[in-house]
Amino acid sequence: MALLLSSPTSILYSGTLLNQAYAILINFPRPSNGFAYPLHFAALATFSGAGTLLSSPLLLPAPGSSPLQLIGNTLMAMSVSLFSWTAYTTQRGRLPAIFGGKTPDFIIDFGPFAYVRHPAYTAYLLGWTGALTALAGRDDAGWRVPALAVCLLGIVGVYRTGVQMEEKQMLSGAENEGKVDLGKKYKEYMDKVRSRWLPGLI
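In numbering that gives the first Met the number 0, the protein residues as written are 0 to 201.
Please keep in mind that the hints were generated in silico from the structure rather than gathered at the bench. Check the hints yourself; a few may be wrong.
Beta-carbon label-pair distances, calculated as ranges [what the hints assert, rightly or not]:
(1) Pro145 <-> Ser83: 29 to 37 Å
(2) Leu170 <-> Arg93: 29 to 37 Å
(3) Thr160 <-> Asp104: 19 to 27 Å
(4) Leu170 <-> Ser55: 38 to 46 Å
(5) Ala20 <-> Thr160: 28 to 36 Å
(6) Ser83 <-> Ala49: 39 to 47 Å
(7) Ala113 <-> Asp180: 15 to 23 Å
(8) Asp180 <-> Asp138: 56 to 64 Å
(9) Ser5 <-> Gly48: 16 to 24 Å
Within a straight-line C-alpha distance of at most 16 Å, the following computed EDC-like cross-link-like pairs (lysine to aspartate or glutamate) qualify [said to hold, decoys possible]:
(10) Lys184 <-> Glu166
(11) Lys101 <-> Glu187
(12) Lys167 <-> Asp180
Built from N, CA and C at the ideal position, the CB exists for glycine as well.
When you get a sec, could you build the whole thing from the sequences and use the hints?
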């Protein structure tokens with residue numbers, strides 16, 4: 000516990016990891032019959048696990064500091080704040096886990112979803128980018144920085160695939176048992192909120 004509270008960086012880094020653990024274990028429940036795309040989820044777990052190990056020095060006091068650590072801390076603070084807002088908006092258990100293959104029968108278009116269509120993924124990527132930036136500002140980071148950058152690219156690729164799958168499901172209205180005209184409603188939502196991850200950019 001002392002390590003987790005040893006510096007602002009370690010606190011924020013721990014917060015980003017705890018957010019992601021809360022997301023997959025509690026807020027976005029796994030399907031009871033398993034993931035629809037287990038290999039994709041395994042890839043995400045592999046990249047995330049490796050990234051956690053590579054960035055673990057952030058739990059320790061830094062032997063040196065730089066502006067990169069401040070930038071990284073800012074990004075991680077943004078990640079924690081955005082995920083907290085997203086989790087509050089979605090509420091526990093309302094949306095399925097990534098690659099779960101389950102399509103909800105409703106659309107959330109308020110809170111952070113009024114600005115980007117996938118704020119949870121934005122929060123995760125802000126956290127990983129912040130961790131990479133903070134790690135690059137440490138004198139003892141060495142080879143871990145390029146290795147973590149590779150993991151981050153892998154995470155981005157997996158999330159991009161997940162987003163494409165989820166939006167295709169929503170547009171087709173698949174597996175919602177005809178409860179609502181989901182495809183039409185989601186298309187209207189996409190026309191209204193054009194950004195997937197960053198407002199006005201992507």
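Cross-check of the supplied hints:
1. Pro145 <-> Ser83: 29 to 37 Å: Holds, at about 31 Å.
2. Leu170 <-> Arg93: 29 to 37 Å: violated, 20 Å
3. Thr160 <-> Asp104: 19 to 27 Å: With Cβ atoms ~23 Å apart, the hint holds.
4. Leu170 <-> Ser55: 38 to 46 Å: For leucine 170 and serine 55 the Cβ distance comes to about 40 Å; the hint holds.
5. Ala20 <-> Thr160: 28 to 36 Å: Once the Cβ atoms are compared, 22 Å apart, the range 28 to 36 Å for threonine 160 and alanine 20 is violated.
6. Ser83 <-> Ala49: 39 to 47 Å: Since the Cβ atoms of serine 83 and alanine 49 sit about 26 Å apart, the hinted range of 39 to 47 Å is violated.
7. Ala113 <-> Asp180: 15 to 23 Å: holds, 21 Å
8. Asp180 <-> Asp138: 56 to 64 Å: holds, 57 Å
9. Ser5 <-> Gly48: 16 to 24 Å: holds, 23 Å
10. Lys184 <-> Glu166: holds, 12 Å
11. Lys101 <-> Glu187: Given that 16 Å is the threshold and the Cα spacing comes to 21 Å, the pair is violated.
12. Lys167 <-> Asp180: holds, 14 Å
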